[in-house]
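So the protein sequences, as listed, match chains A, B, C and D.
Going by our numbering, 13 is the number at position 13 of the first sequence; the sequence numbering is gapless.
So the number in our numbering is just where the residue sits in the second sequence, counting from 1, plus 1000.
So the number in our numbering is just where the residue sits in the third sequence, counting from 1, plus 2000.
So the number in our numbering is just where the residue sits in the fourth sequence, counting from 1, plus 3000.
These are computed hints drawn from the structure, not numbers from a lab.
Where hints are given, some of them may not hold.
[Unchecked claim] Short, incomplete list of chain A residues facing chain D, as computed with Cβ under 10 angstroms:
# : residue
1 : Asp88
2 : Asp234
3 : Thr252
4 : Val256
5 : Thr257
6 : Ala268
Fair warning: this is a prediction, and the values are worked out from it, not measured in the lab.
Cβ coordinates follow ideal geometry from the N, Cα and C atoms, glycine included.
Residues per chain, in single letters:
Protein chains: 4
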Amino acid sequence: MVLNVGVIGTGNIGTYHINRLAGQISGARVAAVYDLATERAAQLAESVGAKAHSDPAEVITDDDVDAVVVTSPGDTHAEFILACIARDKPVLSEKPLATTADDGLRVLDAEVAHGRRLVQVGFMRRFDAGYRRVKATIDEGTIGTPLLVHCVHRNPIAPDFFTSEMLPTDSVVHEIDATRWLLGAEFAATTVLTPRRTPLGPDRLQDPQLVILETTESVIVEVEIFVNAQYGYDVRCEVVGSEGTVELETPTSTSVTRDFLRGRSVPADWKERFDGAFHTEISQWVDGLHAGTVTGPNAWDGYAATVVANASVDALRSGQRTAISLVDKPSFYA
Amino acid sequence: MVLNVGVIGTGNIGTYHINRLAGQISGARVAAVYDLATERAAQLAESVGAKAHSDPAEVITDDDVDAVVVTSPGDTHAEFILACIARDKPVLSEKPLATTADDGLRVLDAEVAHGRRLVQVGFMRRFDAGYRRVKATIDEGTIGTPLLVHCVHRNPIAPDFFTSEMLPTDSVVHEIDATRWLLGAEFAATTVLTPRRTPLGPDRLQDPQLVILETTESVIVEVEIFVNAQYGYDVRCEVVGSEGTVELETPTSTSVTRDFLRGRSVPADWKERFDGAFHTEISQWVDGLHAGTVTGPNAWDGYAATVVANASVDALRSGQRTAISLVDKPSFYA
Amino acid sequence: MVLNVGVIGTGNIGTYHINRLAGQISGARVAAVYDLATERAAQLAESVGAKAHSDPAEVITDDDVDAVVVTSPGDTHAEFILACIARDKPVLSEKPLATTADDGLRVLDAEVAHGRRLVQVGFMRRFDAGYRRVKATIDEGTIGTPLLVHCVHRNPIAPDFFTSEMLPTDSVVHEIDATRWLLGAEFAATTVLTPRRTPLGPDRLQDPQLVILETTESVIVEVEIFVNAQYGYDVRCEVVGSEGTVELETPTSTSVTRDFLRGRSVPADWKERFDGAFHTEISQWVDGLHAGTVTGPNAWDGYAATVVANASVDALRSGQRTAISLVDKPSFYA
Amino acid sequence: MVLNVGVIGTGNIGTYHINRLAGQISGARVAAVYDLATERAAQLAESVGAKAHSDPAEVITDDDVDAVVVTSPGDTHAEFILACIARDKPVLSEKPLATTADDGLRVLDAEVAHGRRLVQVGFMRRFDAGYRRVKATIDEGTIGTPLLVHCVHRNPIAPDFFTSEMLPTDSVVHEIDATRWLLGAEFAATTVLTPRRTPLGPDRLQDPQLVILETTESVIVEVEIFVNAQYGYDVRCEVVGSEGTVELETPTSTSVTRDFLRGRSVPADWKERFDGAFHTEISQWVDGLHAGTVTGPNAWDGYAATVVANASVDALRSGQRTAISLVDKPSFYA
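So that you can see chain A by itself, here it is in the shape it has in the complex:
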């Protein structure tokens, strides 16, 4: 039994998922693709033996498609997810679930009304071996009660189109989800501090930023986001508990010593750092669908992350601590 997957969006991450689904995932194939860039979509479709549709809706309605991966621009996600729910098709959407709280709520309502979990959001860090070990260490009680979390998220160079608002919404959103999950908690407030800007980024860009999140139980999660850090792709996370701490280590396979220096390489980009996490994410999603279940980060997680990220944009603009307000969590997601 092979799972036939339709993919909407064949950009950077879409192509990455398509090639993995086509060549490295047992029990799945790519059945159909769509992209505004029709030529790229057609070539990619041919290379993996899939159809190329001229309308994204066709990917969802195609009877040869069992499940959908959404990797189109973020503001289109909610619409496609809703269409998938309407057709009772499981959907793995890249983050964000939605770019507005309202859109997120529409997805929640639709899935709750549908009565069966179909939606998974692409927060792949939950599938990273390091984050999993951090969570297990917390859950085993090894570090006592979590009090504080220090996160660092650095990229070598941001794309030209990056805006100051995208640091919270496109980058920190990963830490928002990961720490919600690690702590099993929701955020109640956010503040964004604006340090001296790097001279190596565009003038208009507030880079780096220091985002300070507070859970309802006053655990503080601080995130340094720095998208033009030059030196490499570096993601760190230390959870400080009452009896100890647990930290992500940067994966490294070798060290080289020469010229009076012992060095370990730092990942070049998110693909190098999180390739294993993406593989596990997709692999477990496919295996789960074969078993009839969806167990990854759900629509509620996606909604909450969007609300926190958007509140952080407000905080960035206002310079003020900003309260975060979520709707009551539907029991469906308990």
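Position chains B, C and D relative to chain A; hints supplied.
This is chains B, C and D only, laid out in the frame that chain A set:
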């Protein structure tokens, strides 16, 4: 197109390969299995939708089998490999290729006569991200000319049936192959030193041992093999060059600090340490067969490793430096 | 020529300095001591061949005393320092220089009026090999322009008398001075965030705290201070620049591997962590006095640290970002 | 009371000791010096307020000299040590105690006849924080029974006068002493393996070498000595026990991350790596003499190290495993 794989041997490693081929490798399935333990083989076959044969030869001759994985006891490998060559079927044999030089030569002769590469030996370390990075670092000239290699190979506890001779043949054989490959060289002599025995192993077992290998160009490779080291599974390798060194790092994803100690976990066993290497090995083998090629460690590598391991057993018994003599390498393997 | 040192205060740190001055520092001896606890002072004096005075002023006026070390309670420092200036005697005062800005200003005024540097404040981290290397790395331009600094300061267990206000004034004051020095900058604002309290400290104590300092050029220095962290004494500092980062490493001399864990010890307390820094501090102070100079952290540094620490106490109480205002820096300290 | 020290030899290491004794060691001064290079000796003497003698014997017989440090060429050590014993003066001799076993025995006999310990040999590694922690870890039973020791000793570049024989006698002698001390054991045999030579050293020099030492209880100590390793000064030591291992860590105070590399500096030379060990060595020697005792590595340690080093030279020349034979250890050294 799915590659139908037959597996001879359903013990520990056989089961490990079968589950991976059945559930995690795109483009392959398990079509047939055999084991002396017929009940275990039947259950495993059923769980992955394969046939269970009552004779290993049937796995090879089965028309529904495109390629064979051999994971039976080491002294049966050569026979099954020869049968695969006779049927023109690609075969991935767990190490060793053969337990005697003569058997290894029979395989070489058969494959050369056949005229097309069919045989790959399961030296999975060549597919480990760390070893690959070590090799790339050497090949890029970063450390200058290699002069010395320090290897450590420690297991927590050896199985009851382990003998002193198995330390070279079953354990060090991995370092023999890996360093031949890293250095692009053959070994010319071997010496085995016998340190004080661990009180935590059986009296009859010389554990640890220090195996000293010399290449034809006098690069020294020393291997500490210690199969009852208790504390974990630990594989290390440092290549010392004229301008610097490169070392494997033990993979770790987190560190935990408590009780005045900052600690990183050490792998529990070879599956934890080399799971990724095994995955890459099998995955690339399957992808290669789809493309009509076999590119992993070949029969010559298997033959050479067997000769060096057996010479090391002689060296262990005699206490003397022992010369290693290989036949001329067939141009087929150049 | 031996420098005769008088020491006011024979508590924990006083005794520590006295024993070092008496036994490990070439070119110095302890000539006189004073403590309210007269018996302890007398015993200590006898053990190092010093006089024990019954009045702290006598230590300063004693003609056999060339220079004074002040290790009495913090609120007495300014008075003793002023007395030393009045007698033209060099004085090394433990931090703080003063507990109020006014007292600090009186010291500044007195020293400026005196016209010759006599005062050094005991910010020993400036003499730690790690902090020195961090500063050198910044100054060499290796990391580009500093933008952010992440500091961690953890103690295993705080003394019973520790109050929430002492986290900024007694602990973070070290980071305040060290980062002023690393960055060559003054602070303009401070905010203190109050995470969930550790259940392992007293209820009345806000522990940990997150102190956010901003320099006049908007470099953000954040300091996690956690005085009941249980697991060890841990001081970390990462300076994030536009082209790279430099971090303190926890000094460690060995690692031990057993029970599936590779571990490095974490220092037990500040004496273990900073013993070398204290040694260098005292040793260079003595050497400097033999050469007729005082070059360590000066009265301005002490004044600035007091103002920033006190503003942080205000910020802790108010929950608000609090502006920091220093007097104009006398050209004497340029 | 100040200890008046006479120093014979004002070369590199002599000057290093003189400056430390004169400026950094409490309770000691340099009273007299001698060197064949009389001008250098005179200048150095003047700079530290010492006499410069024209004959080394005068340093020893000088009534103003309480104790002697010998840092002249190795083959003169025994003679000066014997002269010190004859005058009942404590002597700290740089390694080696003697260059021949016979000279070593003459020192042993003289000290035993004298009846009081006067001789300490400058094996400073015993005073290094890391080696001390390794020894404590072994002695506490943390790693079980020691079975094997892996040592690495690398210098960036050897002086022009270095010969192949000096690798054992001048470099490995440090590991010989350190591991005798760590294990509390004597060596019974030595073998020297000769890997491919580095192209970056002189043709006549066998560099690196692999020295394999065996204790009377069959613990194997292997030492890679590589004196033109280019990249830095690197000393490593891992003691492998039946239940775990303990390793020296290279001291480092910071790490720097830039250009996709996280790096720690490697020491430039032995002064940087072992400055603290030399300081502790001299400081404890002076403190001990004030208390009337000599407790560091003794003449027996010096004799044993010389015999093992010389046997290793024999082993290097012969290519054979060479037995080591020590005289019975005088009960005086028990």
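A quick look at each hint next to the structure:
no. : hint   : verdict
1   : Asp88  : violated, 46 angstroms
2   : Asp234 : holds, 7 angstroms
3   : Thr252 : holds, 8 angstroms
4   : Val256 : holds, 9 angstroms
5   : Thr257 : holds, 5 angstroms
6   : Ala268 : holds, 6 angstroms
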